[in-house]
Structure formats: structure tokens, C-alpha cells
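Participant: So the protein sequences, as listed, match chains A and B.
Just so you know, the first sequence maps onto residues 1 to 505 in full-length UniProt numbering.
Just so you know, the second sequence maps onto residues 1 to 505 in full-length UniProt numbering.
Everything labelled a hint here was simulated from the structure, so no lab data went into it.
Ideal placement from N, C-alpha and C gives every residue a C-beta, glycine not left out.
Any given hint might turn out to be false.
Unchecked claim - Below 27 Å or equal to it, Euclidean Cα-Cα: the simulated DSSO-like pairs (lysine-lysine) are:
#1 B:182 x A:224
#2 A:352 x B:389
#3 A:224 x B:353
#4 B:313 x B:271
#5 A:224 x B:370
#6 B:224 x A:484
#7 B:313 x B:182
#8 B:271 x A:398
#9 B:352 x A:271
#10 A:182 x B:224
#11 A:313 x B:313
#12 B:369 x A:398
#13 A:313 x B:333
#14 B:353 x B:313
#15 A:182 x A:271
#16 A:224 x B:398
#17 B:370 x A:333
#18 A:224 x B:352
#19 B:271 x A:224
#20 B:271 x A:313
#21 A:369 x B:370
#22 A:353 x B:224
#23 B:182 x A:352
#24 B:352 x A:389
#25 A:224 x B:224
#26 A:271 x A:224
#27 B:370 x A:182
#28 A:224 x B:333
#29 A:389 x B:333
#30 A:370 x B:353
#31 A:353 x B:352
Stated by the list, open to error - With the C-beta cut set under 8 Å, the calculated list includes, among others, these residues of chain B facing chain A:
#32 81
#33 151
#34 183
#35 189
#36 191
#37 193
#38 228
#39 232
#40 337
There are 2 protein chains.
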Amino acid sequence: MLNRVRSAVAHLVSSGGAPPPRPKSPDLSNAPSAQPAVPPEASKSPPVRAGSGSSAPAKTVEARTSFSRPTFLQLSPGGLRRADDHAGRAVQSPPNTGRRLPWSTGYAEVINAGKSRHNEDQACCEVVYVEGRRSISGVPREPSQGQGLCFYYWGLFDGHAGGGAAEMASRLLHRHIREQLKDLVEILQDPSPPPLCLPSTPGAPGSSDPSHLVGPQSCWSSQKEVTHESLVVGAIENAFQFMDEQMARERHGHQVEGGCCALVVVYLLGKVYVANAGDSRAIIVRNGEVIPMSREFTPETERQRLQLLGFLKPELLGGEFTHLEFPRRIQPKELGQRMLYRDQNMTGWAYKKIELEDLRFPLVCGEGKKARVMATIGVTRGLGDHNLKVCSSTLPIKPFLSCFPEVRVYDLTQYEHCPDDVLVLGTDGLWDVTSDCEVAATVDRVLSAYEPNDPSRYTALAQALVLGARGTPRDRGWRLPNNKLGSGDDISVFVIPLGGPGSYS
Amino acid sequence: MLNRVRSAVAHLVSSGGAPPPRPKSPDLSNAPSAQPAVPPEASKSPPVRAGSGSSAPAKTVEARTSFSRPTFLQLSPGGLRRADDHAGRAVQSPPNTGRRLPWSTGYAEVINAGKSRHNEDQACCEVVYVEGRRSISGVPREPSQGQGLCFYYWGLFDGHAGGGAAEMASRLLHRHIREQLKDLVEILQDPSPPPLCLPSTPGAPGSSDPSHLVGPQSCWSSQKEVTHESLVVGAIENAFQFMDEQMARERHGHQVEGGCCALVVVYLLGKVYVANAGDSRAIIVRNGEVIPMSREFTPETERQRLQLLGFLKPELLGGEFTHLEFPRRIQPKELGQRMLYRDQNMTGWAYKKIELEDLRFPLVCGEGKKARVMATIGVTRGLGDHNLKVCSSTLPIKPFLSCFPEVRVYDLTQYEHCPDDVLVLGTDGLWDVTSDCEVAATVDRVLSAYEPNDPSRYTALAQALVLGARGTPRDRGWRLPNNKLGSGDDISVFVIPLGGPGSYS
Numbered sequence: 001m002l003n004r005v006r007s008a009v010a011h012l013v014s015s016g017g018a019p020p021p022r023p024k025s026p027d028l029s030n031a032p033s034a035q036p037a038v039p040p041e042a043s044k045s046p047p048v049r050a051g052s053g054s055s056a057p058a059k060t061v062e063a064r065t066s067f068s069r070p071t072f073l074q075l076s077p078g079g080l081r082r083a084d085d086h087a088g089r090a091v092q093s094p095p096n097t098g099r100r101l102p103w104s105t106g107y108a109e110v111i112n113a114g115k116s117r118h119n120e121d122q123a124c125c126e127v128v129y130v131e132g133r134r135s136i137s138g139v140p141r142e143p144s145q146g147q148g149l150c151f152y153y154w155g156l157f158d159g160h161a162g163g164g165a166a167e168m169a170s171r172l173l174h175r176h177i178r179e180q181l182k183d184l185v186e187i188l189q190d191p192s193p194p195p196l197c198l199p200s201t202p203g204a205p206g207s208s209d210p211s212h213l214v215g216p217q218s219c220w221s222s223q224k225e226v227t228h229e230s231l232v233v234g235a236i237e238n239a240f241q242f243m244d245e246q247m248a249r250e251r252h253g254h255q256v257e258g259g260c261c262a263l264v265v266v267y268l269l270g271k272v273y274v275a276n277a278g279d280s281r282a283i284i285v286r287n288g289e290v291i292p293m294s295r296e297f298t299p300e301t302e303r304q305r306l307q308l309l310g311f312l313k314p315e316l317l318g319g320e321f322t323h324l325e326f327p328r329r330i331q332p333k334e335l336g337q338r339m340l341y342r343d344q345n346m347t348g349w350a351y352k353k354i355e356l357e358d359l360r361f362p363l364v365c366g367e368g369k370k371a372r373v374m375a376t377i378g379v380t381r382g383l384g385d386h387n388l389k390v391c392s393s394t395l396p397i398k399p400f401l402s403c404f405p406e407v408r409v410y411d412l413t414q415y416e417h418c419p420d421d422v423l424v425l426g427t428d429g430l431w432d433v434t435s436d437c438e439v440a441a442t443v444d445r446v447l448s449a450y451e452p453n454d455p456s457r458y459t460a461l462a463q464a465l466v467l468g469a470r471g472t473p474r475d476r477g478w479r480l481p482n483n484k485l486g487s488g489d490d491i492s493v494f495v496i497p498l499g500g501p502g503s504y505s
Numbered sequence: 001m002l003n004r005v006r007s008a009v010a011h012l013v014s015s016g017g018a019p020p021p022r023p024k025s026p027d028l029s030n031a032p033s034a035q036p037a038v039p040p041e042a043s044k045s046p047p048v049r050a051g052s053g054s055s056a057p058a059k060t061v062e063a064r065t066s067f068s069r070p071t072f073l074q075l076s077p078g079g080l081r082r083a084d085d086h087a088g089r090a091v092q093s094p095p096n097t098g099r100r101l102p103w104s105t106g107y108a109e110v111i112n113a114g115k116s117r118h119n120e121d122q123a124c125c126e127v128v129y130v131e132g133r134r135s136i137s138g139v140p141r142e143p144s145q146g147q148g149l150c151f152y153y154w155g156l157f158d159g160h161a162g163g164g165a166a167e168m169a170s171r172l173l174h175r176h177i178r179e180q181l182k183d184l185v186e187i188l189q190d191p192s193p194p195p196l197c198l199p200s201t202p203g204a205p206g207s208s209d210p211s212h213l214v215g216p217q218s219c220w221s222s223q224k225e226v227t228h229e230s231l232v233v234g235a236i237e238n239a240f241q242f243m244d245e246q247m248a249r250e251r252h253g254h255q256v257e258g259g260c261c262a263l264v265v266v267y268l269l270g271k272v273y274v275a276n277a278g279d280s281r282a283i284i285v286r287n288g289e290v291i292p293m294s295r296e297f298t299p300e301t302e303r304q305r306l307q308l309l310g311f312l313k314p315e316l317l318g319g320e321f322t323h324l325e326f327p328r329r330i331q332p333k334e335l336g337q338r339m340l341y342r343d344q345n346m347t348g349w350a351y352k353k354i355e356l357e358d359l360r361f362p363l364v365c366g367e368g369k370k371a372r373v374m375a376t377i378g379v380t381r382g383l384g385d386h387n388l389k390v391c392s393s394t395l396p397i398k399p400f401l402s403c404f405p406e407v408r409v410y411d412l413t414q415y416e417h418c419p420d421d422v423l424v425l426g427t428d429g430l431w432d433v434t435s436d437c438e439v440a441a442t443v444d445r446v447l448s449a450y451e452p453n454d455p456s457r458y459t460a461l462a463q464a465l466v467l468g469a470r471g472t473p474r475d476r477g478w479r480l481p482n483n484k485l486g487s488g489d490d491i492s493v494f495v496i497p498l499g500g501p502g503s504y505s
């Protein structure tokens, strides 16, 4: 997330402000987990203070509690220092010696070239067990492993304006998903269509009688069919919302600074759910072909949603912004002339006479990576950002940001996958300088150099992708082989093999 | 538009209320047109009163001024009566003897099987000349044909709850498009990028100086590139809005009853612009393959837009509706239980505890052709409907309807078309019973039976499509060869050949 928030990043870097302490969740911090999100040793690690900018690693060490890298990297204090070195930009991956990630997932990351003090990307990879909250038949069940559900989970979180939100999301979002799935444990394992209505309390009289639950139809002639798949989608969507609400609640006490894009994969009962809120990206490379599994949410792609909101709720614009889009800033002396504009309902452009309120700054402006909402932020979905204000103003930006992901579903059982078929997740540091097709070419090149049953091939691939996007230091910058600039952003990549889920783990 | 508005249609049919007199447009009624939208003889035609339902043609004749069919059908009074006969449902096409439609366009229509008194579809096909309003250089131009622009225009308007809106749109929408294009005549013919800013008045000092017009950049580092194509899209979008506003202004004086879907094609400078607001559909059949050129706007496809509006502006729900979606109506006795729901941000479903306000009727309910907004209307975009209220209520529905079309652009110059390549426009009467592929098969079957240079083949194709959707009377209904019910709706079809624009006209 390079240069995507104008004010806060600069502030954080220049003031040397430490990222916030680790937030606690009253809802979820005590919830059991198959694998602790933060192992005890992480908080015991000697805190380090990394160098900022592209200077040599800093030598000072001060008390810090929350800066961390994903626990599966198993970084020693020295390793943590090296991972935090903007000058060397060493690529980090889980050690070959330790426990492999589920499905032999490959992972690699590299810190930015100095745009923020620490790597603001975070990652999480877990196997999560969901115990049913109760029986839908109304009879309380014995808590036993056999009746629960497992899901596999991968998350990439690209932070901006501080690392707090990304760190919190990487620790807690999968727990929110687990919470949402608790009600569905029995329903998802029952092949019959989900009940439309559930009893309020287990064992309530009559409430488990299906004929009562369905009830007579009023003026609707039929009831909608709701699929199991759409229940999982709804659970993931609501988990994102609860995660965001938790950040809002705890932002004062725990200083959940900044916000983050979130790209999450859930594998459950044969299906892969890819949920994206932000500008990270997921693609499947299958038999050499690219299948997009997400789209990016930016001021350009969400222009009409943003403008509609500004149009319907002009108070959110605070008299400082106009919901109309113009192709460039209007000069006061142009008042009365006619300028091209787009309103919230338009995809084309037309001319309008410039009036006084058109001189306000447009809610959405700029193009490509420079596009901004309220001249401030370059992504329009994600978690956090509850404190984000317009530069030199008290106007909050959060109302224009959405925490809801778009969820795409891929049925793993519909296609026989080979070991070279992979799902690649990357933060925008990867995609800013690498096209989908280039990733597919790297998949082919790297995987064909390894035996199909060598589980280390996916980490090698993730490393190759990160290195290919970072480049090498040359001519006062990080450069790609074609001499173009590499990505100076944090870069994080998961490579999830689709060819044999579970067979490597 | 069969059964898509619950209350008003029934009222109109049962009360025998006459459609409104022809509305006048203060803005546009005096504007010159290459071909008068309504030839003088139309208003002189002996008015007829057609039979309603599936009974024999009515014999009574009463004074009516506005019921009409497209002028290019050149219907005699007797022909008009036959076109209005619900029992015979004779397919209507332009006569072979008269002037052909531009591009040898094929057209056919048939009245409904009795669901409304008259055929509420309307159609328009015109060649429209646009004279530039002024020179962008600031020097007033001589009005001369050579400096203007021509566009070809086809429109299908599927009325509901009365024929007034469809009739008005068929007479005036292309004039609104012409009005919007007047400013663009010079710009569109100039290969350089459109100016971002125009002088307020022709010849104003300094206003034609491009360096002044562009001006220095403020905090935006670059200005957006706006294409000629996007100006035409913007012109069409705004024309729809002005048409809708004119209907709002004139609805009291001229009784512009009901509303209509609008599907419009503009051919201008090598490109085909397909603008759709409603549930009509356009497809291109090229080399036997189907290219969708529109999508339908219904309570199902626009659920999230509608829910968002109800969520942001709850006053529009009048305390009668909830913006949440439920898979069926909730019973009062289910209060406190947990029901599946979808909120405006969700594509999946989740359970929520039923509260008192969830007992309100959902803003969006039903499925497929039975989906409704506020239990009333089954399309969510179109023109008119300014008087439409929720059944037995004063709550207006118009705020939830959008008059803005989605515009898709097809570049005719990018592909060498053969005489069998066509653009097919149809109201939902066609598409309710005919798939895209079936249309493509009919295109192949009918056109191959005619010489490629026989201009009557496109009308034969339009007739075949309409007949195929209507079926034949059998077993107390109109039935297709497979014995399924044919469409009892009004059916209208344009077939526009792409293989030789202008070569037949």
C-alpha cells in the first residue's frame, strides 16, 4: 500500500511514532483456537527498532510490544531485524525445517523500500475448527470434535497509515469467521436445503417443527431457495463487518491505527471462497490459464458508489467536496464556462456550466494509482480507518469506505487439478509491477524446475514472485531486469496448491 | 410488460380508462425533425376502440386522440383495428410497398393476449440530423447541412400501467438525444481529444485560447482523458434524464400515464450505442454467435442498489417496508426466532433474530418475473412512473426507479460484417419465452432462406421471431410448438442488419 494515504503515512514515518500496542478483543480474545494466533514466544521476543528509509539497519532497540511478522515465519530476534531492513530487503519465507503450512502453501514477503517504518503487510494461515453453537433440532449437543467443521484459512492484510489494523485483522478475522459459522455447523453438513427460520432458543416448543417454521405463504407465491454456499458467503461477509466494528470499538483504548485491505481465502467442504476488500488480488493459474478470483476496489472502480453516497448524504461532504467528478481541477476564473463532468448515474461525460459549488474539491479525483477519495485515500474497501480524516480537516472518510468484501466461489471438486494448479494471492506490491500473465509464466517456469511432489516448490514460487516484483538495487533504485522500477511497496504472496489439498500437509 | 405492475394495469383495463392525450413538449415539440415523429394523418385517423381481453374485436368507436402504432407501419384505420385485436393477434410489419426503414431494418410486433386494452409497446426508427448549436471556437457558424451530424436511431418502449409514457418517449427521446448532441457536433468531428472546458458564450474574450481553457494543474498531477465515445454515452444518458424530467413536468397537464422501459440504439460515426433502461434486451448475432448488448434491470438484478437507497433514506420506506430481504414473508408469531436475511451489502445469506420492524413488507421480494419493488413493480429502470404509488397507499415508488440507461458500445468498424450479422432488439415479450440461442438459430434459419441482398429478409426474420414467441391458439391459450405457453404479452422486435449500414437504405 504505497503512497495510498497521503497524510498519515508521512506523519508516522517522520515522527518515528511506534505502531500501536496489540489490540485485544473482548469478544474473541478468549475464544479457543486450533492454533494460537500469537504464540507466547512472540510477545517475549526482544523488541527491535528497525531502520526507516533506505538506511542501514538501526542499532537502537526499544521497548515495543506489537511489531511482528507472521508467526509461521518463526523469526528469531535477528531474523526479525533482517526482515525489517529497508536497505537489504531480504525475502522472508517459512523455514524449511519447521512445520509446513497447510496444503504445503508457499509464502514469501519483503519489506518496502522505505515508505513506512515497518512492513505494514500482515499474513495469516490457519486450520480452524468450528464447534457448533447448538443443535438446530433444539436439543443441546455434546461438544465433541466429530460434530464440528474444519476450514482452511489464508489471509493477506495490506496496512496503511499504520500497522495496527492489519495486525489486528491478521489475528482475529478468522475467529470472527469461525463465530459466524458456529450456527451453521449442522446445517452445512445436512444435504437438505437450509431452514429459512430457526428457533430462538434450543428446544423451544414447536420451533423445530418444519411445517411451523415454513408457515403459510402470504402474498409471495414461493419462497426463495437459499444454498449452503450462500450461507458461507454471508458468514464471511458478516465476519468482515464484525471485525470492522471491533476495530471501531477498540480504536481508542488500543490505538488501532490505520486501516488495511483484506484478502481472505476460506476452504470449506470442497469449495474455495475468496473474499476481497481492497486492492490486493487473487488469481487461479490452472493448466497455464488465468482465472481471476477477485477485483480491486479503488476510487475509480467504485466511483459511482461513492458519488451516490455523496449525492444522497451531502452532509458527509462537509461543504468541502462536490460529489461531481471533473477531469481536472476547476479554476475560480473559469466560473460560468462549461466543463466536462460525470454525475453518479453516468458512465459517459457531458458539459455543464461551472457554478460556485463546482469549485469545491471533487469527492473522487485522479487516475490509476493516484486516484483518491477526498484527496486522501486510494482504496475504498477494507478494515479500520475509523480515525481517518481529510488532510487538514476534521471530516471523516470512513463513511465512504466499505468493509464488505466481494466473495467469489470456486468449486474444487468440479475440475481435476494437477500439482501445477495454484491459487496466488498477492498484495498490490506484487500486482503493481506484475501482470496476471507474467505470474502465470513464473508459475510455469518455477514449478517445472521442481519435482511435482516436492512440497518446497510452492515456497520457491512465492519467493520468485516476490523477487520478481522487488527487483535488484541498481541505479539508485530497485529495478527489474527490463530496467523499469520494481515495487518499493511491501510485497506479500501466498501460493496455494490446488492439486492435492491435504495430501501434503 | 406483462403483469409487472400490479394495481394500475388492472385499474386501467377494468375502468376502460382511455390513455392520455398526446403530451406536448415545450422544449422539443417545435424542434425540426428529418421525419415527423407523428405524421398529420395519424391524428386524423378515425379513432377506434379495440376489444379488451381475448374477446372478438369491439365494434364501438369513441373519440380518442392518442392511441397509435408506430407511424412506419403506415396502418390504415382498418389496419389499426386489426393490430388492436387481442383475439387474432395478427403480426404487424411495415408494408413491402412503402419506404423501407433505414438500413432495411426489419420490424414486427403483436398485441398482447388481453392483459391490457391496447398494445403498450411503442417503437421508433429515425434518421436524425443534428445541427451544431454553435462553434466551439466562439465564432457563430452559418447553419448549413454540411457541418452537422446524422445519427440513426431505433427505440423500443415497453409501457406499463398505461400507454402514455411509451408513446411520449417514442416521439421525443430521439429529439432529446439530438439536443444533447448539438454541443458536440464540431467536437465529435475533430480527431483531437475533446476540450475539457468550453467558453460560456461564443466569442467570449480569451475563452477560445486552449492554454487558458486547460489551465495550470492544481493538486492533480494530470488531467483525465475523455474520449469522443464517452461524450456520446454522456449525451444519451442525459437525454434519458431530460426525457424523464419532461414526463414529470407534463404529467398533470397531459396525463402522461404509466411508465415504460426504453431500449435505444444510436449509430453515430462508426459506432453502435445500445442504451437500455428496463427489461427489454439487445443481442448481436454475429457469425452465429451471440454477443449480449444489454442487461436487464429488475428488483433481483438491482437488489443492492434498491436496498442501499432504502437504508440511506429510510423515510422513502414510509414505515411500511423494510430494506432487508427475507426469503419469504415473516409471520408475526415468528417474532424472536431467527430468519435468513440479506442486507444491502451482502450477496450471501445469514440468520438474524426477528424483530418487530422485520415484520414490515420487504422493499424487494419475489423471484424471476414475480420479483417486485414495494410489492408493485417488476422493473427498476425506465421512464415515467411519476405517479406510481404503492398499492393502497400514497407512498411513491419513483425514488427507487432509475431513468438512467446502461450504455454499451459496439465498434462496427472493428469487424467485417456479413449480411447475416444482425442486432436484435426485443421487448420482454420476446425474451420471456425465447433464449438468446433460439434467436440465433432463427436468425440462421430465416436469413438462409433469402438471398443475401434481399432487403425484405430482415422483416421476415422479425416476423418469425414474433410468431415464434406468440405461438398459435390451441388448448385455450397461445402455445408454442412444444406445447408450452407462448407469450401473452405485447411483443416487439427490431432486426438491424450490421453487414452493410447504409447500403440498403
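Participant: Where does the structure disagree with the numbered hints, that is, which hint numbers, in rising order?
Facilitator: Going through the list in order, the structure violates hints 1, 2, 4, 7, 8, 10, 12, 13, 17, 19, 20, 21, 24, 25, 27, 29, 30, 31, 32, 33, 35, 36, 37, 38 and respects the others.
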